[in-house]
Amino acid sequence: MAISGTLSSISAGGTSIAAVGTATISLNTPAIDVTPIGSTSQSYIAGAIGATGSLDIFYDQSSTGHTTIEGYATNRTFNTWVLTITATGPQTITGSAMITGFEVTAQAQGVARATISLQFDGTVTFG
Amino acid sequence: MATIESAVRAMLLTGSTLASAGIPDARVAHGYRLQDSILPACTFELQQAETLAIGSNPLKRVQCEIRIVAERTQDAIDFIDQIQTLCVAATYDSIPFNAVEWLNYSIEAATTSDGDENQPAELACYIDIYYTEA
Chain W
1 MAISGTLSSI
11 SAGGTSIAAV
21 GTATISLNTP
31 AIDVTPIGST
41 SQSYIAGAIG
51 ATGSLDIFYD
61 QSSTGHTTIE
71 GYATNRTFNT
81 WVLTITATGP
91 QTITGSAMIT
101 GFEVTAQAQG
111 VARATISLQF
121 DGTVTFG
Chain P
1001 MATIESAVRA
1011 MLLTGSTLAS
1021 AGIPDARVAH
1031 GYRLQDSILP
1041 ACTFELQQAE
1051 TLAIGSNPLK
1061 RVQCEIRIVA
1071 ERTQDAIDFI
1081 DQIQTLCVAA
1091 TYDSIPFNAV
1101 EWLNYSIEAA
1111 TTSDGDENQP
1121 AELACYIDIY
1131 YTEA
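Chains W and P are the protein sequences, given in the same order.
For the first sequence, the positions run 1 to 127 when our numbering is used.
For the second sequence, the positions run 1001 to 1134 when our numbering is used.
Read the hints as simulated data drawn from the structure, not as lab findings.
Predicted model, so just to flag it, every value in this text is computed and none were measured.
Cβ coordinates follow ideal geometry from the N, Cα and C atoms, glycine included.
One or more hints might be untrue.
Unchecked claim - Under the rule of at most 20 angstroms between Cα atoms (straight-line distance), these lysine to any residue pairs were calculated in the SDA-like manner:
#, chain 1, residue 1, chain 2, residue 2
1, P, LYS1060, P, TYR1126
2, P, LYS1060, W, SER63
3, P, LYS1060, W, GLY127
Stated by the list, open to error - Just a sample of chain P residues kept apart from chain W, beta carbon distances all over 12 angstroms, derived:
#, residue
4, TYR1032
5, THR1043
6, ASN1057
7, GLU1071
8, SER1106
9, SER1113
Unchecked claim - With beta-carbon atoms standing in for the labels, derived distance ranges:
#, chain 1, residue 1, chain 2, residue 2, range
10, W, SER26, P, ILE1080, 44 to 54 angstroms
11, W, THR6, P, GLN1074, 41 to 51 angstroms
12, W, ASN28, P, ASP1081, 50 to 60 angstroms
13, W, THR6, P, ARG1072, 40 to 50 angstroms
14, W, SER62, P, TYR1126, 25 to 35 angstroms
15, P, GLN1035, W, GLN61, 25 to 35 angstroms
Make the full structure from the sequences, and use the hints.
In structure tokens:
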């Protein structure tokens, strides 16, 4: 089974984001070491789940989705982000996130790009 | 049906810039020209397009090589300004070129060999085209 990236999309606050090169959402569960003294094996318990995300976009301020992201970055607000893997199903990953990083890069003999970092708050849901 | 090849040709034919400089539309061709065709002439080739973005209408990038073939080296060099002027972002043959990046150019000088044939001069211009294809 495989799903083409041409079927995928991402939206922020209901606004679709255009020209997304890569969208990533990462769930992280820290492993808390509870190994007692005298033990010859390590023991762990699961910590609280956290999630972060990142987007690489081909930055263009004439795009509505990109200006929406700019607004979220400067307003420091949490908004609903939805990564749609494929519209049929649908297969989605949804969570409330704020933008913790917004980095724009313009390079010689290339196009302008921006990297957006996300910190999710609360539960990230699948499907 | 519009293709990236037809769009690039439309870009090169914009505003009769090449025609005014001595290359009529019929001498702008994708791929190759006949060896005995009239000079100067313009050909172009595209590398395989690369998809850069997710989504149903993704951003793509294609590398394009535009070659001007002329009898004398200076005649070929004289077309650099025209090619640079023509290679700009706009919509061509219904395909929007979001960005056109001029990379560089190279010149192969005209040469005369031992026989009675002359090798024409060639100006090769290299550009990257970022476009979206419906």
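We went through each hint and held it up to the structure:
1. P:LYS1060 / P:TYR1126: holds, 17 angstroms
2. P:LYS1060 / W:SER63: holds, 17 angstroms
3. P:LYS1060 / W:GLY127: violated, 29 angstroms
4. TYR1032: holds, 27 angstroms
5. THR1043: holds, 23 angstroms
6. ASN1057: violated, 8 angstroms
7. GLU1071: holds, 31 angstroms
8. SER1106: Check passes; 15 angstroms lies beyond 12 angstroms.
9. SER1113: holds, 36 angstroms
10. W:SER26 / P:ILE1080: 44 to 54 angstroms: Distance hint for W:SER26, P:ILE1080 holds at roughly 48 angstroms.
11. W:THR6 / P:GLN1074: 41 to 51 angstroms: holds, 47 angstroms
12. W:ASN28 / P:ASP1081: 50 to 60 angstroms: Given about 55 angstroms between the Cβ atoms, the range holds.
13. W:THR6 / P:ARG1072: 40 to 50 angstroms: Cβ of W:THR6 to Cβ of P:ARG1072: about 48 angstroms, so the range 40 to 50 angstroms holds.
14. W:SER62 / P:TYR1126: 25 to 35 angstroms: Given a distance of about 27 angstroms, which is inside 25 to 35 angstroms, the answer is holds.
15. P:GLN1035 / W:GLN61: 25 to 35 angstroms: Between P:GLN1035 and W:GLN61, where Cβ atoms are some 49 angstroms apart, the hint is violated.
This entry does not satisfy hints 3, 6, 15, going by the numbered hints stated previously.
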